Amino acid sequence: MMDALLWLFGAAFIAGSAMVLLCQQGQRNIILARFRISRRRYSGSTTPPRSLSLSEKQVDIPVTYSDTFPPSRHSVWSGTGVDSVDPETDVLPLEASYLDAKDSLYTPCGFSIKDIKSLGDFPDYAALSGVRLPQSHPVFDIKNALPRPYRPFRWAYHQTMSLTKMEPDWWLELENTYEERIKQRQALFAQHGEAVLQFLPGSELACKELMEMVLQFLCARYPQYFKLDNDNTIFHNGILHTTTILKNIHPLHVLLNNVPEDFAIMLRDDKTGLYVFRAGVICSALGWNVGTKIGLRLDEIHGPVPDYKEKMKFSMDRFFAKMPSDKPIQRGSWGIEVGELLYMGPDDTAHKSQREHQSPDLSLSQCHLRVDWQTLRRLPLSGAVVFNFKALFTPVEQFRDEPYVPGLLLKVLNEGKGNIMAYKNTWHTDHVVKPALERFHDEQVRSGLVPGGWEPQTLDESPWFPGWEGKWRRQQGF
1 MMDALLWLFG AAFIAGSAMV LLCQQGQRNI ILARFRISRR RYSGSTTPPR SLSLSEKQVD
61 IPVTYSDTFP PSRHSVWSGT GVDSVDPETD VLPLEASYLD AKDSLYTPCG FSIKDIKSLG
121 DFPDYAALSG VRLPQSHPVF DIKNALPRPY RPFRWAYHQT MSLTKMEPDW WLELENTYEE
181 RIKQRQALFA QHGEAVLQFL PGSELACKEL MEMVLQFLCA RYPQYFKLDN DNTIFHNGIL
241 HTTTILKNIH PLHVLLNNVP EDFAIMLRDD KTGLYVFRAG VICSALGWNV GTKIGLRLDE
301 IHGPVPDYKE KMKFSMDRFF AKMPSDKPIQ RGSWGIEVGE LLYMGPDDTA HKSQREHQSP
361 DLSLSQCHLR VDWQTLRRLP LSGAVVFNFK ALFTPVEQFR DEPYVPGLLL KVLNEGKGNI
421 MAYKNTWHTD HVVKPALERF HDEQVRSGLV PGGWEPQTLD ESPWFPGWEG KWRRQQGF
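Numbering of the sequence shown is given in the UniProt record's numbering, commencing with residue 1 and proceeding in unit increments.
Since the hints were derived computationally from the structure, they do not count as laboratory data.
Here the structure is a predicted model, which means the values were calculated and not measured.
Honestly, I wouldn't trust all of these hints.
As the list claims (entries may be wrong) - Pair ranges (Cβ atoms, derived): (1) G448 x N414: 15 to 25 Å; (2) D229 x E356: 45 to 55 Å; (3) H357 x T64: 43 to 53 Å; (4) N232 x N414: 49 to 59 Å; (5) G238 x T64: 45 to 55 Å; (6) D307 x K183: 35 to 45 Å.
Claimed, not checked - Keeping only pairs whose Cα atoms sit at most 30 Å apart, straight-line, the calculated BS3-like set for lysine-lysine is: (7) K102 x K271; (8) K434 x K411; (9) K471 x K390.
For every residue, glycine included, the Cβ atom is placed at its ideal position computed from N, Cα and C.
Please model the complete structure; the sequences and the hints are all you need to start from.
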């Protein structure tokens, strides 16, 4: 009976909301038509590291953002606003290449194909996007470089995207595993091909734009290692001692061979306004890969994530529809792994079976925190939204002298919501990690590093911890 009442109330709410929306849309179109104003509306922001099988089919209530477009920065380049655009006839279709399109068609960000051609290669993306280039890091030494010690633990733990503003200097972060990771990723592509790197029709502009933005970033941040010359047609990598003629290789392969991070390109579907995974290079996924996700909508990609549909789907679809290019964001997800497992395909039964039991031979030295540090930003020309993320590994033993970290992580492991902790799949290490964390926390309380009676909570320094920068610098020899 209660279920029936809830269903009726829900149906009434949905029907009423739909009528309001329909009426509002009708009135809006009448007014716009009267003043001959385009119906184009400008609004004034993850790749999950793991995947599970869907246990049941979910029914979605269709929502359309077909007349919702991201803010345009066209005026930054032209000095004028966007021309009138009809979303039904003037927008570049999802599967159409800009190389073959009419000059009169527009990207979702209000740049015409003619504009794109006029801008040419390597335009000023800092101005176009509204995100400055990074400051140079002249003392950076790739041999000693360590990633910042991300500890994205939160309590009380709720399933949210936990988004913060992206730091422009840290969009891409290099460290001393650079050469090893590049070789590992190239080997994964040689073995798995389109399962880790793929691009669908219509992604040509976004792939080129992303590659150019990445190379501009690397050359600005690490000028001692990277350089573009010959009118930006040749890229020199001083770490790998390689030279790439950019016209001879697909942009995603340029990224594969030079950047140890993953990229997923989401493009706007011109029919629905929702975002679809159309291209990417992803070599650090666990339980899924590009081959299983390519062509899916944002909500379909995140379908296995606990509570995504109930708590995040609507807000994330809306966020993607309106996200501006000058407000990129960042977040982190985490898990506990045995060793440094970078990639596990959906059919990797060997590694999956290891997660189904607690090995009595497992030692603490084998247990690592894996953080997938992610950023999300809109490309200013194509309007694509790009996830990029990088797997970072830290031995759990290092938490011993990190204030509050052992107690906070122990709280999450012991009391985190069941379906979320099952998704993180930490159970196979719990029998080793939990006792160690308890011991570390007790030591910190006895030594005065953590006050007695402290109740675990998200740290003010999150996603780091008190004193993190001093430890990080000492580890690098500063």
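E356 and D229 - C-beta distance against the hinted 45 to 55 Å: Between D229 and E356, where Cβ atoms are some 53 Å apart, the hint holds.
Given pair status - K390, K471, alpha carbons within 30 Å: Measuring from Cα to Cα gives roughly 22 Å; hence the hint holds.
Assessment of proposed distance window 43 to 53 Å (beta carbons of H357, T64): Taking Cβ atoms as reference, H357 and T64 lie about 47 Å apart, which means the hint holds.
Range hint compliance [Cβ, N232 to N414, 49 to 59 Å]: Given a distance of about 53 Å, which is inside 49 to 59 Å, the answer is holds.
Distance restraint hint 15 to 25 Å, applied to the beta-carbon atoms of G448 and N414: Holds: the Cβ-Cβ distance is about 24 Å, inside 15 to 25 Å.
Distance restraint hint 35 to 45 Å, applied to the beta-carbon atoms of D307 and K183: Roughly 38 Å apart at Cβ, these two residues keep to the hinted range, so it holds.
Hinted pair K102 and K271, Cα distance within 30 Å: Given pair K102, K271 holds - Cα atoms ~19 Å apart, limit 30 Å.
Hinted pair K434 and K411, Cα distance within 30 Å: holds (10 Å)
45 to 55 Å as the expected CB spacing between T64 and G238, which holds or is violated: Once the Cβ atoms are compared, 49 Å apart, the range 45 to 55 Å for T64 and G238 holds.
Every hint, counting from the list given before, is met by this structure.
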